[in-house]
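Chains as they are written, first to last, in our numbering: chain A, 214 to 517; chain B, 1294 to 1762.
Please note that the accuracy of each hint is not assured.
[As the list claims (entries may be wrong)] Straight-line alpha carbon distances no greater than 25 Å define the calculated DMTMM-like cross-link-like pairs of lysine to aspartate or glutamate that follow: (1) A:466 <-> A:328; (2) A:494 <-> B:1569; (3) A:289 <-> A:274; (4) B:1606 <-> B:1325; (5) B:1648 <-> B:1680; (6) A:494 <-> B:1649; (7) B:1491 <-> A:318; (8) B:1656 <-> B:1643; (9) A:479 <-> B:1547; (10) B:1711 <-> A:464; (11) B:1711 <-> A:471; (12) A:325 <-> B:1710; (13) B:1606 <-> B:1522; (14) A:479 <-> B:1643; (15) B:1491 <-> A:274; (16) B:1648 <-> A:497; (17) B:1648 <-> A:384; (18) B:1443 <-> A:256; (19) B:1492 <-> A:274; (20) B:1600 <-> B:1325; (21) A:325 <-> B:1522; (22) B:1491 <-> B:1522.
Hint data in this document are derived by calculation from the structure and do not stem from the laboratory. Nothing here was measured: the structure is a model prediction, and the numbers come from that model.
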Amino acid sequence: MPSSQPKVLRWLLARGAALQFMHTVLSKRKLSPNVTRLDVLAERIAAIRLPGQFVIVRRGDGAERIPLTIADSDEKAGSITLVIQAVGKSTRELVALDPGEVIQDISGPLGKPTELAEAGHALCIGGGVGTAVVHPIAQGLFRRGVRVTSVIGGRSKEWVIFEEELRRLGEVVVCTDDGSYGRKGFVTDAAKDLFAAGGVNVVYAIGPVPMMRAVAGLTRPLGIHTIVSLNPVMVDGTGMCGGCRVSIGGETKFACVDGPEFDGHKVDFDLLWDRLGTYRKHEEHSLTRHEEACRIGLQKPEGY
Amino acid sequence: MNFKTTAKERLQINRQRMPEQDPIARASNFQEVNLGFTEHLAMLEARRCLQCREARCVAGCPVTVNIPHFIKCVSEGNFAAAAESLLRDNALPAVTGRVCPQETQCEIECVRGHKGAPVAIGYLERFVADWARHSQISTAGRREPATGRKIAVVGSGPAGLTAAGELAHMGHEVTIYEALHKPGGVLVYGIPEFRLPKKIVQDEVRRLQRGGVKIECNVVIGRTYTLQELRGRFDGIFIANGAGLPVFMNVPGEHLKGVYSANEYLTRVNLMEAYEFPRADTPVLVGKRVAVVGGGNVAMDAARTAKRVGADKSVIVYRRTLQEMPARAEEVSHAGHEGIAFEFLAAPVEALGNKDRWVTGLKCQRMKLGEPDASGRRGPVPIPGSEFVIECELVIVAIGSRANPLLTSTCPDLKLDKRGNIVVDANGMTSLPGVFAGGDIVRGAATVILAMGDGKRAARAIDVYLKQG
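Next up, chain A with everything else stripped away, as it sits in the complex (with noise of 0.2 Å):
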């Protein structure tokens, strides 16, 4: 457990019951400029999870249902890792959150867990916030004896993320797009290296839109079986609203119970980056109302 763990957090802990309940920050990384880790106490999640699953998270009173995948746990500790972009008012405000603080709801695991390849070699992508949720993949292929490679990706060296966790999985290659940091270019031209020296039984692709349809328009032609995790926008999580509607292979699926994970090579991108678009603007006026709060000091900004 980190020693950032403040004198309230310890009492409480000492207390034992209804911890369950009460998802206290831990702690609290700065994983890029706009990523961080929070390792949050949800002893249940953390028992039970496997990889691909997700939580859903609610702050507090008012705030948004958001989905999070759950990158790592720790059973002993009962926590789990979430690791959050911080683009929106909603994500601002949970990296805002310091070790010792609660954030109100935390329910799953949801979604169904990762397809797991049984041997061989697999290849690992992740782009961006996307190397958080390729981790717990990685780590389960790791743990069943498949080969692990993974290529991870960022605009420069600062906003590469989980680069040591995953090396204790296996061989990792580095991209960034500026050069400042390992291989100069996409994870895409990484990948295609990889896949023309050949043995790559299956592919693991997430991270941006554009990037899972990318890595899929590679792997297609090669035939190789490629999993990428869709995050549309969603409200329940169990399968309720609809609004994570996805179009696989022209059926309609609901990404928070059919999936997340689906067959890359039958996934509508196109239908998903549109929809992805549909708060555009309440998230951009949410933000810049929020913004304006913690200039004026009504609002407790990201503090570091």
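Please arrange chain B on chain A, whose structure you already have, making use of the hints.
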């Protein structure tokens, strides 16, 4: 007041009107439409009841409320006695007094309806329930001694809350598991504030909690715990997780931005309070022109909600006519007063969009009524070449919901019918011993009161089952 009213005098009183918020004002706010009877109105209305010896209204009620008795108490001004009687029969009278389709249940049976209007049983129920809430009269009778038996209830909607209340009353230790962050199920995510204030649901939930019921939110059975795990930890289980799986129209354009399921639209506005955006963080799209597909209560709720969040034109698109509409008569009439338009005999064939893939209209086909089907309802028959377009920025699909497979799919031993609903016997028990089910997960999309009836029956059956075991 003279309590010994003669039948002749009773017959001379006309049905009292429910005081309502002004239609123009209410079409832009979320406060409750019906304001409730005053004591005077309630007593006057109660005196209309003829106190039939063979009360047919009671037979029409899914939870067999002793209607003549509580109404008699109201007519005598003895509201405490009315409340005690009502609460003994019905766990959530403040809810059912607002959302029950009385016109097809108790009131249709009322003899006063043969010549004139039936007694306003629903309004009186609501009056008594509200009086009890304000007077803090909460428990009907004393709780039985603790049995030491533990029961899990899956879902905190009307069926789950009713069963939990009854079981706790019988002395069992009850834990409700709710998947969302707030208890109440469809009462909080589905039914809007202007029809059923959330405060009422909250009060009912608190009353149960005071009665010893534990509620754990954010627990998704089938994910957080499996049914098998619950079976290991509890002596009995009641599954009432509802029919939370939206049905879409299956027409082209359904994935356009601006096409919602009613479930999503109402959840955003009700549960997530999107009408407060940006003060609440969850947004909802606002259309100047909104088309709502369907003819049930959910369609009315969606159309009226759309009007309240800013639509100039909100139109219900239904493939049959007013007569066949399954919505409560009062909701249809309220919707009409609020300026909701109705496009009858129309069925959507395509959602139209612009180049940015935002919905711009709903292409419909004109229908005519054909022969009555097995249920006696006349089926819609398409008229070829009759297509027309309703221009709109938002389409809300409210054509029903089906059984959510999240729980049932993780428990293959649980017997389901071909639509995915749980199969139960006459006592509400599933194919698994000690596991009972009720409400929409058994019936498909039905009503609050039928779900409550299931909850009440299942509670009794569980009690008997535990005593046998």
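Against the structure, the hints come out as follows:
Distance hint between residue 466 (chain A) and residue 328 (chain A) is fulfilled; the C-alpha atoms sit about 17 Å from each other, no more than 25 Å. Of the supplied pair hints, the one linking residue 494 (chain A) and residue 1569 (chain B) holds, its CA atoms being roughly 16 Å apart against a limit of 25 Å. Among the hinted pairs, residue 289 (chain A) with residue 274 (chain A) is inconsistent with the structure: their alpha-carbon atoms are about 30 Å apart, more than 25 Å. Between residue 1606 (chain B) and residue 1325 (chain B) the alpha-carbon distance is near 21 Å, which keeps this suggested pair within the 25 Å criterion.
The suggested pairing of residue 1648 (chain B) with residue 1680 (chain B) holds, with an alpha-carbon distance near 22 Å, which does not exceed 25 Å. Using a Cα cut-off of 25 Å, the hinted pair residue 494 (chain A) and residue 1649 (chain B) holds, with the two alpha carbons roughly 14 Å apart. About 19 Å separates the Cα atoms of residue 1491 (chain B) and residue 318 (chain A), which keeps this hinted pair within 25 Å; it holds. For the hint linking residue 1656 (chain B) to residue 1643 (chain B), the alpha-carbon distance of about 5 Å falls within 25 Å, and the restraint holds.
Simply put, residue 479 (chain A) and residue 1547 (chain B) have alpha-carbon atoms about 19 Å apart, close enough for the 25 Å limit, and the pair holds. Between residue 1711 (chain B) and residue 464 (chain A) the alpha-carbon distance is near 20 Å, which keeps this suggested pair within the 25 Å criterion. Of the pairs offered as hints, the one joining residue 1711 (chain B) and residue 471 (chain A) holds, with about 20 Å between alpha carbons and a cut-off of 25 Å not exceeded. Our distance criterion of 25 Å between C-alpha atoms is met by residue 325 (chain A) and residue 1710 (chain B), whose separation comes to about 24 Å.
The suggested pairing of residue 1606 (chain B) with residue 1522 (chain B) is violated, with an alpha-carbon distance near 50 Å, which exceeds 25 Å. Restraint check for residue 479 (chain A) and residue 1643 (chain B): satisfied, since their Cα atoms lie roughly 24 Å apart, inside the 25 Å limit. With a C-alpha separation of about 15 Å, the suggested pairing of residue 1491 (chain B) with residue 274 (chain A) holds against the 25 Å cut-off. Between residue 1648 (chain B) and residue 497 (chain A), the direct Cα distance comes to roughly 22 Å. Compliance with the 25 Å bound is thereby established for this hinted pair.
Proximity of residue 1648 (chain B) to residue 384 (chain A) is assessed by CA-CA distance (about 44 Å); at most 25 Å being required, the pair is judged violated. Proximity of residue 1443 (chain B) to residue 256 (chain A) is assessed by CA-CA distance (about 23 Å); at most 25 Å being required, the pair is judged to hold. For the proposed pair residue 1492 (chain B) and residue 274 (chain A), the alpha carbon gap of about 15 Å is at most 25 Å, so the pair holds. Proximity of residue 1600 (chain B) to residue 1325 (chain B) is assessed by CA-CA distance (about 15 Å); at most 25 Å being required, the pair is judged to hold.
Taking the CA atoms of residue 325 (chain A) and residue 1522 (chain B), the gap is near 19 Å; set against the 25 Å cutoff, the hint holds. In summary, the hint linking residue 1491 (chain B) to residue 1522 (chain B) is not supported, as the alpha carbons are separated by about 32 Å, beyond the 25 Å threshold.
Checked against the numbered hints given earlier, the structure breaks hints 3, 13, 17 and 22 and satisfies all the rest.
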